[in-house]
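Trainee: The hints should help you fit chain B onto chain A, whose structure is shown.
Protein sequences, first through last, are from chains A and B. Residue 114 in this note's numbering sits at position 114 of the first sequence, with consecutive numbering throughout. Residue 378 in this note's numbering sits at position 179 of the second sequence, with consecutive numbering throughout.
Everything labelled a hint here was simulated from the structure, so no lab data went into it. Predicted model only: the values in this text are computed from it and were never measured. Even for Gly, the Cβ is constructed at its ideal location relative to N, Cα and C. There are no misleading hints in this set.
Pulled a few chain A residues facing chain B out of the computed Cβ check, cut under 7 Å: (1) GLY29; (2) GLN32; (3) TYR35; (4) ARG36; (5) GLN65; (6) ALA73; (7) HIS76; (8) THR77; (9) ARG82; (10) TRP87; (11) THR90.
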Amino acid sequence: MVRAMPEHAGRPETSPGSTWGALMARAQGGDQAAYRRLLTEITPYLRSIAARYHRSREDVEDTVQDVLLSVHAIRHTYDPARPFGPWLATIADRRALDRLRRRLRQAGRETTLEPEHETFAAVAANGDTGGADGGLEAAELARAMARLPPGQRQALELLKLKELSLKEASAATGLSITALKVATHRALKSLRAIMQGRR
Amino acid sequence: MASTGELIDRLARDARPVRRLRRPALRALAWLAVAALLVGIIARLEGIRPGLAQAFDDPRFAIGRVAALATAITAALAAFELSVPDRSSRWLWLPLPFAALWLGAMGAGCIADWLAEGPSGLRIGHSADCFVAILMTSVPLGALLLVMVRHAGPVRPVATALAAGLALAAVGEGGLTLYHDVDATVMDLLIHLAAVAVVVALALSGSRALFRTVVPR
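Just chain B, with the same shape it has in the complex:
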């Protein structure tokens, strides 16, 4: 490897003007706007599911959905903050309580359903569609989000990708309730949980390759 002095010379010669990043909160807001737009378009195409307003009378459903929304917003904010070196790594804590509430409500739904319906809840309805739908929103939004935070490679790659994965999964799963008539069988909920896990795992693995293109490690 060349000497440090030579490296400094090379970098200094390469010091083209750069455009400063906007504040992380603003960039998070921009991404959330794109996410809302995409979910809105899909809801428009698929049609809002019937009985959505009534479903909110069920407190478990209402809490779960509001928590999903809160998770999406806070996790996106955390991902953008974590990607910048001078921000605190404690941002990762922010979405966790909401995520716990969101996933907890889903888990409680599984158990309640199991008790009410027994093994018949294990039939596969249109669960596979849900899985695909969650992935379909997550992949384009995830690509956009990871590209927007690609400078996180030499900073906090794992924490950033984790927060990004949570945001994506929450948008995907939360958005789904608008247009899919989920009959809340155990299988449906399990599939949702599995999709959330897959999205977070994809964000973690996909970010590695992407972050390496910014600064080789």
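Same shape as in the complex, but just chain A:
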């Protein structure tokens, strides 16, 4: 059945849409193999839609996963009597836009720290300014870190320097999230004491 689809007119027919529709119809009936094939086949197409909205590979991949999760959650809304392409394209466009909006909101809240954001006249008070003084500061910090107990040092390196999430750090070390939090807190306290003692 051919119906006018004004929203997606002009979109190149990128898929054997009828095959995908048939696969989805079988997936709705519980056919796992058909469903796996469908999800695998649509992934490159979803990536190409996501790439229109996002530049970073991470965002593209996260968008693809958002779309796959959405497709899964509302797969009962697909009507096999109608074309599959527009159904999928709407979900893909919306989810890509959702993520783009979230990114823009974040960008609105966060600002890159520039030299003019320095708040104190003393160079040391403004952290790493990239110059020779920054290097000095970094060296001092590295020495202080070396004096920390191994557990505390590891927690700091993973969470603060490599910027892993608590979950990821917990997976990497086998430590519980609470243990990591405690170690980080103690590490910062020790660091502060060491650095202050030095001045």
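Mentor: Same frame as chain A, now just chain B:
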């Protein structure tokens, strides 16, 4: 986050058979039937207001009431169509002319009344009852409607909720004229307009939380 391949594996393993949705128009009809039933029951309990038939001789009243009915039907249809991904987002336009006519007739009533009665129209009669009555029909019908279109979360959440809110407000406000003896004071009409705004706002905010339960965002 796990890799996309792993996600596909997980989803495929979870591919239980699902029941397909019926056509949006049929589902809209089902909801409208429930709405009509509820309004009918309330009208039965409260009694049809006296002089309802005569009131229809006033063209402004007649146009307003017919427009409210048309808004309820078209907005409900639009909400169900918009909630499904492969339907056009232009469905949102369908109820708008009727809504404009409906709200316009109410607004014109306000002005006409103000001119005729002056500030005395601003007394609060049983306006508060109207407000409560509109909300009382809208809340249960709204819960039902939003649950029926909950799959709209990853599709068109705002447009769907907006259409749903319009449908609810039109049913609530339109139904009210059957059983409340609205003396059409400025205050009554203002209260009706306020109730309509509150219902639409409630639908918009309530849908956010509900839609998130279907697909986390």
